[in-house]
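Novice: The primary structure of each chain is shown beneath.
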Amino acid sequence: MKNADVLLSGTNVVKEFGYGKKKMTAVNNVNFAFHEGEIISIVGESGSGKTTLAKILMGLLKETSGDIQYKGMPRQFRSHKDRKKYWKDIQAIFQDPFSSFNLFHKVDKLLLDCIELQGLKLTKEEQFIKMKEACAFVNLKFEELFNKYPFELSGGQMQRLMIARIFMLHPKILIADEPTSMIDACSRSTILDMLLKLRNENNMTIIFITHDVGLAYYISDTLCIMEKGKIVESGPAEEIIINPKHRYTQQLISDVPKIHEEWNLA
Amino acid sequence: MSLNAVELMGDVSPAPRKNILDVQGLKTYYKTRLKENVYAVDGVSFALEEGKTLGIAGESGCGKSTLALSLMGFYFPPLNFGSGSININGIDIMKLNKEQLRKQILGKEIAYIPQAAMNALNPTLKIIRFIEDMMKEHRPDLTKKQVWDIAAERFKTLNLSPDVLQSYPNELSGGMKQRTVIAISTILNPKILVADEPTSALDVTSQKTVIKLLKELLDKKFIKSLVFITHELPLLYHVTDDIMVMYAGEIVERGSAHQMIFDSLHPYTKKLMGSIIVPEEGMKENRLTAIPGTPPNLKNVPSGCRFADRCSYAQEECKQGDIPNRYVGDRVYRCIFDPDTLKEWYKNEER
Ligand SMILES: Nc1ncnc2c1ncn2[C@@H]1O[C@H](COP(=O)(O)OP(=O)(O)OP(=O)(O)O)[C@@H](O)[C@H]1O
Ligand SMILES: [Mg+2]
Numbered sequence: 001m002k003n004a005d006v007l008l009s010g011t012n013v014v015k016e017f018g019y020g021k022k023k024m025t026a027v028n029n030v031n032f033a034f035h036e037g038e039i040i041s042i043v044g045e046s047g048s049g050k051t052t053l054a055k056i057l058m059g060l061l062k063e064t065s066g067d068i069q070y071k072g073m074p075r076q077f078r079s080h081k082d083r084k085k086y087w088k089d090i091q092a093i094f095q096d097p098f099s100s101f102n103l104f105h106k107v108d109k110l111l112l113d114c115i116e117l118q119g120l121k122l123t124k125e126e127q128f129i130k131m132k133e134a135c136a137f138v139n140l141k142f143e144e145l146f147n148k149y150p151f152e153l154s155g156g157q158m159q160r161l162m163i164a165r166i167f168m169l170h171p172k173i174l175i176a177d178e179p180t181s182m183i184d185a186c187s188r189s190t191i192l193d194m195l196l197k198l199r200n201e202n203n204m205t206i207i208f209i210t211h212d213v214g215l216a217y218y219i220s221d222t223l224c225i226m227e228k229g230k231i232v233e234s235g236p237a238e239e240i241i242i243n244p245k246h247r248y249t250q251q252l253i254s255d256v257p258k259i260h261e262e263w264n265l266a
Numbered sequence: 001m002s003l004n005a006v007e008l009m010g011d012v013s014p015a016p017r018k019n020i021l022d023v024q025g026l027k028t029y030y031k032t033r034l035k036e037n038v039y040a041v042d043g044v045s046f047a048l049e050e051g052k053t054l055g056i057a058g059e060s061g062c063g064k065s066t067l068a069l070s071l072m073g074f075y076f077p078p079l080n081f082g083s084g085s086i087n088i089n090g091i092d093i094m095k096l097n098k099e100q101l102r103k104q105i106l107g108k109e110i111a112y113i114p115q116a117a118m119n120a121l122n123p124t125l126k127i128i129r130f131i132e133d134m135m136k137e138h139r140p141d142l143t144k145k146q147v148w149d150i151a152a153e154r155f156k157t158l159n160l161s162p163d164v165l166q167s168y169p170n171e172l173s174g175g176m177k178q179r180t181v182i183a184i185s186t187i188l189n190p191k192i193l194v195a196d197e198p199t200s201a202l203d204v205t206s207q208k209t210v211i212k213l214l215k216e217l218l219d220k221k222f223i224k225s226l227v228f229i230t231h232e233l234p235l236l237y238h239v240t241d242d243i244m245v246m247y248a249g250e251i252v253e254r255g256s257a258h259q260m261i262f263d264s265l266h267p268y269t270k271k272l273m274g275s276i277i278v279p280e281e282g283m284k285e286n287r288l289t290a291i292p293g294t295p296p297n298l299k300n301v302p303s304g305c306r307f308a309d310r311c312s313y314a315q316e317e318c319k320q321g322d323i324p325n326r327y328v329g330d331r332v333y334r335c336i337f338d339p340d341t342l343k344e345w346y347k348n349e350e351r
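Chains as they are written, first to last, in this note's numbering: chain A, 1 to 266; chain B, 1 to 351.
Accuracy of the hints is not assured; some may be wrong.
[Unchecked claim] Per label pair, the in silico range of CB-to-CB distance:
{"#": "1", "chain 1": "A", "residue 1": "Ala4", "chain 2": "B", "residue 2": "Tyr346", "range": "37 to 43 Å"}
{"#": "2", "chain 1": "A", "residue 1": "Met24", "chain 2": "B", "residue 2": "Gly82", "range": "24 to 30 Å"}
{"#": "3", "chain 1": "B", "residue 1": "Ser303", "chain 2": "A", "residue 2": "Glu144", "range": "40 to 46 Å"}
{"#": "4", "chain 1": "B", "residue 1": "Gly82", "chain 2": "A", "residue 2": "Thr123", "range": "34 to 40 Å"}
{"#": "5", "chain 1": "A", "residue 1": "Lys71", "chain 2": "B", "residue 2": "Lys343", "range": "40 to 46 Å"}
{"#": "6", "chain 1": "A", "residue 1": "Val14", "chain 2": "B", "residue 2": "Lys299", "range": "52 to 58 Å"}
{"#": "7", "chain 1": "B", "residue 1": "Lys299", "chain 2": "A", "residue 2": "Ile129", "range": "30 to 36 Å"}
[Unchecked claim] Below, simulated DMTMM-like cross-link-like pairs (lysine to aspartate or glutamate); rule was C-alpha separation at most 20 Å, straight line:
{"#": "8", "chain 1": "A", "residue 1": "Lys141", "chain 2": "A", "residue 2": "Asp177"}
{"#": "9", "chain 1": "A", "residue 1": "Lys258", "chain 2": "B", "residue 2": "Glu280"}
{"#": "10", "chain 1": "A", "residue 1": "Lys62", "chain 2": "A", "residue 2": "Asp89"}
{"#": "11", "chain 1": "A", "residue 1": "Lys130", "chain 2": "A", "residue 2": "Asp113"}
{"#": "12", "chain 1": "B", "residue 1": "Lys215", "chain 2": "A", "residue 2": "Glu262"}
{"#": "13", "chain 1": "B", "residue 1": "Lys221", "chain 2": "B", "residue 2": "Asp241"}
{"#": "14", "chain 1": "A", "residue 1": "Lys258", "chain 2": "B", "residue 2": "Asp263"}
{"#": "15", "chain 1": "B", "residue 1": "Lys212", "chain 2": "A", "residue 2": "Glu261"}
{"#": "16", "chain 1": "A", "residue 1": "Lys22", "chain 2": "B", "residue 2": "Glu171"}
{"#": "17", "chain 1": "A", "residue 1": "Lys121", "chain 2": "A", "residue 2": "Glu133"}
{"#": "18", "chain 1": "B", "residue 1": "Lys284", "chain 2": "A", "residue 2": "Glu144"}
{"#": "19", "chain 1": "B", "residue 1": "Lys220", "chain 2": "B", "residue 2": "Glu109"}
{"#": "20", "chain 1": "B", "residue 1": "Lys299", "chain 2": "B", "residue 2": "Asp309"}
{"#": "21", "chain 1": "B", "residue 1": "Lys284", "chain 2": "A", "residue 2": "Glu238"}
{"#": "22", "chain 1": "A", "residue 1": "Lys197", "chain 2": "B", "residue 2": "Glu285"}
{"#": "23", "chain 1": "A", "residue 1": "Lys258", "chain 2": "B", "residue 2": "Glu317"}
{"#": "24", "chain 1": "B", "residue 1": "Lys299", "chain 2": "A", "residue 2": "Glu152"}
{"#": "25", "chain 1": "A", "residue 1": "Lys258", "chain 2": "B", "residue 2": "Glu285"}
{"#": "26", "chain 1": "B", "residue 1": "Lys31", "chain 2": "A", "residue 2": "Glu152"}
{"#": "27", "chain 1": "B", "residue 1": "Lys212", "chain 2": "A", "residue 2": "Glu45"}
{"#": "28", "chain 1": "B", "residue 1": "Lys215", "chain 2": "A", "residue 2": "Glu261"}
{"#": "29", "chain 1": "B", "residue 1": "Lys299", "chain 2": "A", "residue 2": "Glu261"}
{"#": "30", "chain 1": "A", "residue 1": "Lys62", "chain 2": "A", "residue 2": "Asp177"}
{"#": "31", "chain 1": "A", "residue 1": "Lys245", "chain 2": "B", "residue 2": "Asp241"}
{"#": "32", "chain 1": "B", "residue 1": "Lys319", "chain 2": "B", "residue 2": "Asp330"}
{"#": "33", "chain 1": "B", "residue 1": "Lys284", "chain 2": "A", "residue 2": "Asp221"}
{"#": "34", "chain 1": "A", "residue 1": "Lys88", "chain 2": "A", "residue 2": "Glu116"}
{"#": "35", "chain 1": "B", "residue 1": "Lys35", "chain 2": "A", "residue 2": "Glu152"}
{"#": "36", "chain 1": "A", "residue 1": "Lys141", "chain 2": "B", "residue 2": "Asp309"}
{"#": "37", "chain 1": "A", "residue 1": "Lys245", "chain 2": "B", "residue 2": "Glu281"}
{"#": "38", "chain 1": "B", "residue 1": "Lys284", "chain 2": "A", "residue 2": "Asp193"}
{"#": "39", "chain 1": "B", "residue 1": "Lys212", "chain 2": "A", "residue 2": "Glu239"}
{"#": "40", "chain 1": "B", "residue 1": "Lys284", "chain 2": "A", "residue 2": "Asp89"}
By construction, these hints were calculated from the structure, which means they are not laboratory data. Ideal placement from N, C-alpha and C gives every residue a C-beta, glycine not left out.
Same shape as in the complex, but just chain A (with noise of 0.2 Å):
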């Protein structure tokens, strides 16, 4: 990623909880920088603090210290306005792909959404178009769907859908927080490989949030391994799979259970 420009990073960013004795430091001086068109993913286990940093990249919490610069730039929210303009660039898939959907608007709706949020003014038929292209790219078929409630798609199809809408609002930055953790191991190689297609045509950055170290070494470039807050090793996701320095890394790669190698259940 060396060529790329940098587009997002931090500087000890921290982010606390709570106050005197309850206070906790949910992330604890994190510095990054992520790069145009790179995967990264945040791997920890639960409560290490990924979810938090998520949320101050994509601007939904405040860090209660620290910089954060946006294409080069420190990125401010001084109005409403700075904000809105910030998420027409960052978008977010979740675990639970029916949470973030009305569930009472059909495929159709949530996909003309999308139009409709990049301002664009088309025709019937241009939308038709889009919304077909969005589909396929996902490998769904919108003549099947945009009838339908969400209720009557698999979660698989669902996180597809999500991935869709994705595609049609091309954002700079996606954010996915443990996007497969809740399908079955099959339509999560469908839903990665989409992922690295949308970073592969559309050069777009993703921010790859998991527990499971052999899913972000399957999909990113880079690793960046989070324990009680902080970052304690990053670098090449090759590298760091076949010579991880630290501890913690050692564990979570060894926590995965594999086939060539035995698994130490000691």
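Starting from the known structure of chain A, arrange chain B with the ligands on it as the hints suggest.
Specialist: Relative to the frame of chain A, chain B with the ligands by itself:
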């Protein structure tokens, strides 16, 4: 393609040794609100020898949980028994009434941990209360103090702190909650434990602690056999002797864990194995093999092989008639093609 007569022995499994679980021709269905019958378990036959462990894998919706529930012989709407037999430790449980089933079988011969059980614990009750309730059914002679002692002893043996007994479910972490559920369910030393996705909602670190506990239950002989349902194949590879793959309510292949992962025969198994992701050197270059399309709607299953629509090797004859089981040594799979033909295809695909 050769249809070898010796391979086509029909639906009878090889001669049983001592089977702790024996299921033959099981069909169970959901009655929907529109009064349609959805056969989520559609003619399933398999046996499990005492002391052995069996994994069940397959895509979401293929009927794994329904099979697990059906094994308990506990049918309540909308799930109905259709036909077939279930033998647990030599007892034909479909001949028992609900009362006998609850008293003699559940918890003692076979224990069942439903998918998402750990989140279904009543949050207002302390853990010890769940154990007391269970003991009331099976050991009404014990005093509260005795139940406590048994529970504390068991928890200690399993490296779980007896303090947990005094906690409320929500005070426990996900991994601890799941281990607690497993410890409670096996307190009567059931011969078989059926665990439905016990690790799927957990992070990999807690997953491992749950797997360790299951191994320990087996090692310490608190349970004799295990049926482990999950779509995480690498887990099964390390935990169970055999793996059975379900597709659209049927079993399409069963073999040893090693055979299934490295030498699968059925095209569906082969594809499933292609979705395995592990942090091993070189994994990044191995692009995953996605399976096109979705499983058939169980309300309206196609004739012939149910996987044919998504199978890249399917031919016209796959879509007709009954597909027989083929037996190859200890393995069984349901496909019209013989092993040599299939392996030849797989070999060519790798090139
Ligand atoms: N209560 C129900 N009423 C009607 N149909 C049901 C019911 N529960 C499950 N089904 C259907 O039965 C089939 C099998 O479902 P089941 O839950 O057994 O699959 P599964 O393999 O356990 O899936 P998962 O991996 O998602 O847990 C599915 O088609 C499902 O839609
Ligand atoms: Mg299930």
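Novice: Work down the list of hints and note, for each, if the structure agrees.
Specialist: Here is what the structure says about each hint:
no., hint, verdict
1, A:Ala4 x B:Tyr346: 37 to 43 Å, "holds, 39 Å"
2, A:Met24 x B:Gly82: 24 to 30 Å, "violated, 54 Å"
3, B:Ser303 x A:Glu144: 40 to 46 Å, "violated, 22 Å"
4, B:Gly82 x A:Thr123: 34 to 40 Å, "violated, 53 Å"
5, A:Lys71 x B:Lys343: 40 to 46 Å, "violated, 54 Å"
6, A:Val14 x B:Lys299: 52 to 58 Å, "holds, 55 Å"
7, B:Lys299 x A:Ile129: 30 to 36 Å, "holds, 33 Å"
8, A:Lys141 x A:Asp177, "violated, 26 Å"
9, A:Lys258 x B:Glu280, "holds, 7 Å"
10, A:Lys62 x A:Asp89, "holds, 18 Å"
11, A:Lys130 x A:Asp113, "holds, 12 Å"
12, B:Lys215 x A:Glu262, "holds, 15 Å"
13, B:Lys221 x B:Asp241, "holds, 16 Å"
14, A:Lys258 x B:Asp263, "holds, 16 Å"
15, B:Lys212 x A:Glu261, "holds, 17 Å"
16, A:Lys22 x B:Glu171, "holds, 17 Å"
17, A:Lys121 x A:Glu133, "holds, 17 Å"
18, B:Lys284 x A:Glu144, "violated, 34 Å"
19, B:Lys220 x B:Glu109, "holds, 17 Å"
20, B:Lys299 x B:Asp309, "holds, 16 Å"
21, B:Lys284 x A:Glu238, "holds, 8 Å"
22, A:Lys197 x B:Glu285, "holds, 15 Å"
23, A:Lys258 x B:Glu317, "violated, 38 Å"
24, B:Lys299 x A:Glu152, "holds, 15 Å"
25, A:Lys258 x B:Glu285, "holds, 16 Å"
26, B:Lys31 x A:Glu152, "holds, 18 Å"
27, B:Lys212 x A:Glu45, "holds, 18 Å"
28, B:Lys215 x A:Glu261, "holds, 18 Å"
29, B:Lys299 x A:Glu261, "violated, 42 Å"
30, A:Lys62 x A:Asp177, "holds, 18 Å"
31, A:Lys245 x B:Asp241, "violated, 34 Å"
32, B:Lys319 x B:Asp330, "violated, 27 Å"
33, B:Lys284 x A:Asp221, "holds, 10 Å"
34, A:Lys88 x A:Glu116, "holds, 12 Å"
35, B:Lys35 x A:Glu152, "holds, 18 Å"
36, A:Lys141 x B:Asp309, "holds, 16 Å"
37, A:Lys245 x B:Glu281, "holds, 16 Å"
38, B:Lys284 x A:Asp193, "holds, 12 Å"
39, B:Lys212 x A:Glu239, "violated, 29 Å"
40, B:Lys284 x A:Asp89, "violated, 29 Å"
Comparing the model with each earlier hint shows violations of hints 2, 3, 4, 5, 8, 18, 23, 29, 31, 32, 39, 40; every other hint is respected.
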